[in-house]
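K.L.:
Each chain, written out:
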Amino acid sequence: MSRLRALPAALVAFLLPVIGVAQPGSDHPGYFPIEDLEILPEESINLEINLTGPMMKFIALATDENDPELSKMVEDLESIRVRGADLEGVDVEEARSGIQRATTKLVDAGWSSMVRMREDDEEVYIYFKEEAGQMVGLTVLSLEGDEAMLINLVGKIDPTKLSSLAYGLDLPQLDRTTENTAEDD
Amino acid sequence: MSQWPENWSCEEVWEHLEELLEGELPETQATQIRSHLDQCAACEAQTRLAMEIRGELRALPELDAPAPLLQAVLDQTVKAQEPRLSLGELLGSWPRPIWAALAAASLILVLGLTVLSQRPTAPEQPDAAAIAQATAEARFALARVGVLTREAGLTIRDKALRDQVAVPTQKGLSQFLGQVSDAESRIPHEGVKDV
Chain A
90 MSRLRALPAA
100 LVAFLLPVIG
110 VAQPGSDHPG
120 YFPIEDLEIL
130 PEESINLEIN
140 LTGPMMKFIA
150 LATDENDPEL
160 SKMVEDLESI
170 RVRGADLEGV
180 DVEEARSGIQ
190 RATTKLVDAG
200 WSSMVRMRED
210 DEEVYIYFKE
220 EAGQMVGLTV
230 LSLEGDEAML
240 INLVGKIDPT
250 KLSSLAYGLD
260 LPQLDRTTEN
270 TAEDD
Chain B
510 MSQWPENWSC
520 EEVWEHLEEL
530 LEGELPETQA
540 TQIRSHLDQC
550 AACEAQTRLA
560 MEIRGELRAL
570 PELDAPAPLL
580 QAVLDQTVKA
590 QEPRLSLGEL
600 LGSWPRPIWA
610 ALAAASLILV
620 LGLTVLSQRP
630 TAPEQPDAAA
640 IAQATAEARF
650 ALARVGVLTR
660 EAGLTIRDKA
670 LRDQVAVPTQ
680 KGLSQFLGQV
690 SDAESRIPHE
700 GVKDV
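In order, the protein sequences belong to chains A and B.
With positions in the first sequence counted from 1, the corresponding number in the working numbering is that position plus 89.
With positions in the second sequence counted from 1, the corresponding number in the working numbering is that position plus 509.
Fair warning: there could be bad hints in the mix.
[Unchecked claim] Stretches of chain A that chain B covers, calculated by requiring three or more beta carbons in the stretch to come under 8 angstroms of a beta carbon on chain B:
id: 1; region: 116-129
id: 2; region: 134-144
id: 3; region: 180-193
id: 4; region: 203-212
id: 5; region: 237-245
Source of the hints: derived by calculation from the structure; they are not laboratory data.
Note that CB positions come from ideal geometry on N, CA and C, so glycine has one too.
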């Protein structure tokens, strides 16, 4: 009889850790919940990228021969998540306030600032999470004119490769921006 | 059970409810409890709830867990917790049928999760188009990070140059030119010949 009474308590204790792993990846120190920041109105979101787990391995394998740099970078990451929005017709000041609140959350959660840039209608905040001398997470919050972008990379990141990525990865969408920055040189 | 109460309290009824439902009580005691239930709405409701839980539990499909797995789960739960009954004792005043039902449901859940977790979980291979799409998205995201990092770096560099070099230099030059201008204005013009 006493055995029967002890059983529920034992089973509850046994089940708790099982229930606790319901959201894989969210317990990683480099994870930051960009989806829950309530910065971008739902209707304004025009880009969502959620690459996690096995798909990251498949990307690394698929690019192993043709693009080893990308392959290596993706292989070291656990997830790539992006939320992009067109802020035309949206209260941009509200979005700016939301980004400020998000930076406070980042600092409170132990993230360090890499870049804080405010210039005219442009704001870029880049924060990183470090663990045992290794960058394990990167979060980018940016507002450029009518465009907003929230990015969270989870996993090992080599900071020296970040800037070179802009030129190493050939993307039509980025031509204008990279040309502009090249002119700045 | 060698001693039966003469006047059944609610607690005593709850204590023996499971035996009543299982048909394990002697007829005399079963009749006494039923008589109590007829007069006690709380115990009657409790009994009905216990019967419903029993019925639902019996309707659940049985899991075909391997005997070694079942033994391992029992070893890790019941046997490991046997000497430490503090929580069970603390909550022991709860009606036994509910605990029994919870225990059975939890055991089924644990067994189900354990069996499922032991299945091979090889990720399903996505098709080539999905991988290509994911690769393009990864490229875009990483390139975007690179561009933003670079742009921000350049802007900060330009701002630093402007604030720390260009502006102070301009101020210094202005001051210098201002001083020259003042000095020139103090030169007496009488002795200066126009060319």
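K.L.:
Do three or more residues of the region 237-245 of chain A come closer than 8 angstroms to chain B, measuring C-beta to C-beta?
P.N.:
holds (count 3)
K.L.:
Count the residues of the region 134-144 of chain A with a beta-carbon closer than 8 angstroms to any beta-carbon of chain B: does the count reach three?
P.N.:
holds (count 5)
K.L.:
If you look at each residue in the region 180-193 of chain A, do at least three have a Cβ nearer than 8 angstroms to any Cβ of chain B?
P.N.:
With 0 residues closer than 8 angstroms to chain B, the region 180-193 of chain A misses the three-residue bar; violated.
K.L.:
Do three or more residues from the region 203-212 of chain A put their C-beta atoms closer than 8 angstroms to C-beta atoms of chain B?
P.N.:
holds (count 5)
K.L.:
Check whether three or more residues of the region 116-129 of chain A sit with their beta carbon closer than 8 angstroms to a beta carbon of chain B.
P.N.:
Contact hint for the region 116-129 of chain A vs chain B: violated, 0 residues under 8 angstroms.
The structure does not agree with the numbered hints 1 and 3 stated previously, though it agrees with the rest.
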